[in-house]
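K.L.:
What follows is the residue order along each chain.
Protein chains: 2
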Amino acid sequence: MSLLVIGTVAFDAIETPFGKTDKIVGGAATFISLAASYFTKKINLVSVVGDDFPTDAIDMLKKRGVNTAGLQIKEGEKTFFWSGRYHNDMNSRDTLDTQLNVLATFDPEIPQEYQDCSFLMLGNLAPAVQHQVLDRLHTRPKLVVLDTMNFWMDIALPELTSLLKRVDVLTINDEEARQLSKEYSLVKAAQKILAMGPKYLIIKKGEHGALLFHGNEVFFAPALPLEEVFDPTGAGDTFAGGFVAHLAKTKDYSFENMKSAIILGSAMASFCVEKFGTQRLTEINMEEIKQRVQSFVSLVNFEIELV
Amino acid sequence: MSLLVIGTVAFDAIETPFGKTDKIVGGAATFISLAASYFTKKINLVSVVGDDFPTDAIDMLKKRGVNTAGLQIKEGEKTFFWSGRYHNDMNSRDTLDTQLNVLATFDPEIPQEYQDCSFLMLGNLAPAVQHQVLDRLHTRPKLVVLDTMNFWMDIALPELTSLLKRVDVLTINDEEARQLSKEYSLVKAAQKILAMGPKYLIIKKGEHGALLFHGNEVFFAPALPLEEVFDPTGAGDTFAGGFVAHLAKTKDYSFENMKSAIILGSAMASFCVEKFGTQRLTEINMEEIKQRVQSFVSLVNFEIELV
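Quick mapping for you: the protein sequence lines, in order, are chains A and B. Counting along the first sequence from 1, when you hit position 234 you're at 226 in the numbering used here, and nothing is skipped either side. Counting along the second sequence from 1, when you hit position 113 you're at 105 in the numbering used here, and nothing is skipped either side.
Hints are not guaranteed to be accurate.
When chains are identical, the list treats them as one kind, so a pair holds in a single copy or across two.
[As the list claims (entries may be wrong)] Below are the DSSO-like pairs computed for lysine-lysine, each with C-alpha atoms no more than 27 Å apart in a straight line:
no., residue 1, residue 2
1, LYS267, LYS54
2, LYS180, LYS197
3, LYS54, LYS134
4, LYS180, LYS54
5, LYS241, LYS180
6, LYS34, LYS241
7, LYS70, LYS174
8, LYS241, LYS12
9, LYS180, LYS282
No lab work stands behind these hints: they were computed from the structure.
Given the sequences, and given the hints that come with them, work out the whole structure.
P.N.:
What follows is the structure, given as structure tokens:
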């Protein structure tokens, strides 16, 4: 079953306590697609870049099985650029620069060959653009996963609220869940957000793992305790990519299978943060992923018998 | 196998966003003993109170199977008193008042009948007093668990450092682990702290669960996502009490069994925070504990097969 991914393909410049980069390839759709490419080869990308975007980066995506027919390349324009600096705790960051460039006028085009997609991953973008993608698909995908952020809650809440009624799974972080629900308790926040539309809610807590809520059920996936988080950029997108790709690969979007999908998403995210940008996501292999998943099993597995 | 518990038996006055209490019964050893009492009836308490401490609170401990032969009652003196106010996030608190009273001159007496203890839980107290308890036991217990806090790292680091060489398990929270090790990464912090003496390290992360480190192994127990944390006072002590009591009951202090013990400690702590002070710990039953443990199993259990 094919997976349609929409989101940014971008340049990032990153500063962490461990070092800094010049412009490197980033963007939500890049991380999502790369993570997904380890589980499915039917990945259809919708995004936009300028003519400054390197051909070899697009070739790298193609090589990983990503269909770039829906990636618009705007002549004479520049690619979206974000620059940020992480604090010592790696959980907070300052945005140093944002240049929307091609993103300011992004009009997502869905190639005809993408129309049959079963799974749709709406990476973080303006809710209006995410609406457009849904509007332009002739049939609704079997599963629609939405990622968004506090920025859109601040400036586009009505569009975001109506979008929530059109999606199956929402992924946000803990602070965003609190902002959206006006509840501090994540359990109460989840109840309110599920009542807004999505059937499943994933609350990402960074180094503290992720929670999956559905009805009255809840599942928790830890983050792997790492010696060093080198660069958290793209970890949330990588998580989402691994998550949705496992569902697409297994054609099973039950709550039980979503648990496995979240563990795989967490495993992929744990690779992502080990080096700058997308680097780790282009060099790992299935054997490493299996070992990483085994680390998650060891981390939380216990036997208990109460007499 | 008997469990020796030393720590404060105290009065607390607590303010949370949900309400406030007058003086109620609290103290590390109280929470530890009550939590432990659900798993073993051989609990020997060493502590000190003033003659203002209510007899019915001591009777309540006795009724739960706690031996209070080692609880000194100082005539004409007052019980240790702590008062604190929790912030909205329940993870941080301000101390409003501390009156050491009997604790200022606490000289722990070990009744002869306590000498054969196999398990020792050193609840949070001055490291010098914790040293004294170890000094006064004729034979070293099979397992010594130490709880401490940042306060002692600030004012009694040399005594604490030498104490670390005498214990098997150390329980501290994440900020304390960072302070003690001068490492931000908890994995690196754990390696440094294990090199200081304890064979096992439990890092408590409050609502984010707890990590158990031993050599190169790590286990993670989540905290149960709760609708409301009513009063976190004593949660860490309750956790420690459930943990050590399960080891004492099963006479098995392997890494594998410590995993179960941590889940039980987490389950007991999840009850503790549901009401003010020790109230929940005096009214639950084994059936509720089993159901709570089952919630932990459901929360983290997953099946995954990668092909």
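K.L.:
Now, for every hint given, state plainly whether the structure supports it.
P.N.:
Evaluated hints:
1. LYS267 <-> LYS54: within (22 Å within a copy, 57 Å between copies)
2. LYS180 <-> LYS197: both (16 Å within a copy, 21 Å between copies)
3. LYS54 <-> LYS134: within (25 Å within a copy, 60 Å between copies)
4. LYS180 <-> LYS54: neither (43 Å within a copy, 39 Å between copies)
5. LYS241 <-> LYS180: neither (32 Å within a copy, 37 Å between copies)
6. LYS34 <-> LYS241: within (9 Å within a copy, 54 Å between copies)
7. LYS70 <-> LYS174: Neither. Shortest intra-copy (38 Å) and inter-copy (44 Å) distances fail the 27 Å Cα cut-off.
8. LYS241 <-> LYS12: neither (36 Å within a copy, 53 Å between copies)
9. LYS180 <-> LYS282: between (35 Å within a copy, 24 Å between copies)
Of the hints listed earlier, those the structure fails to meet are numbers 4, 5, 7 and 8, in rising order.
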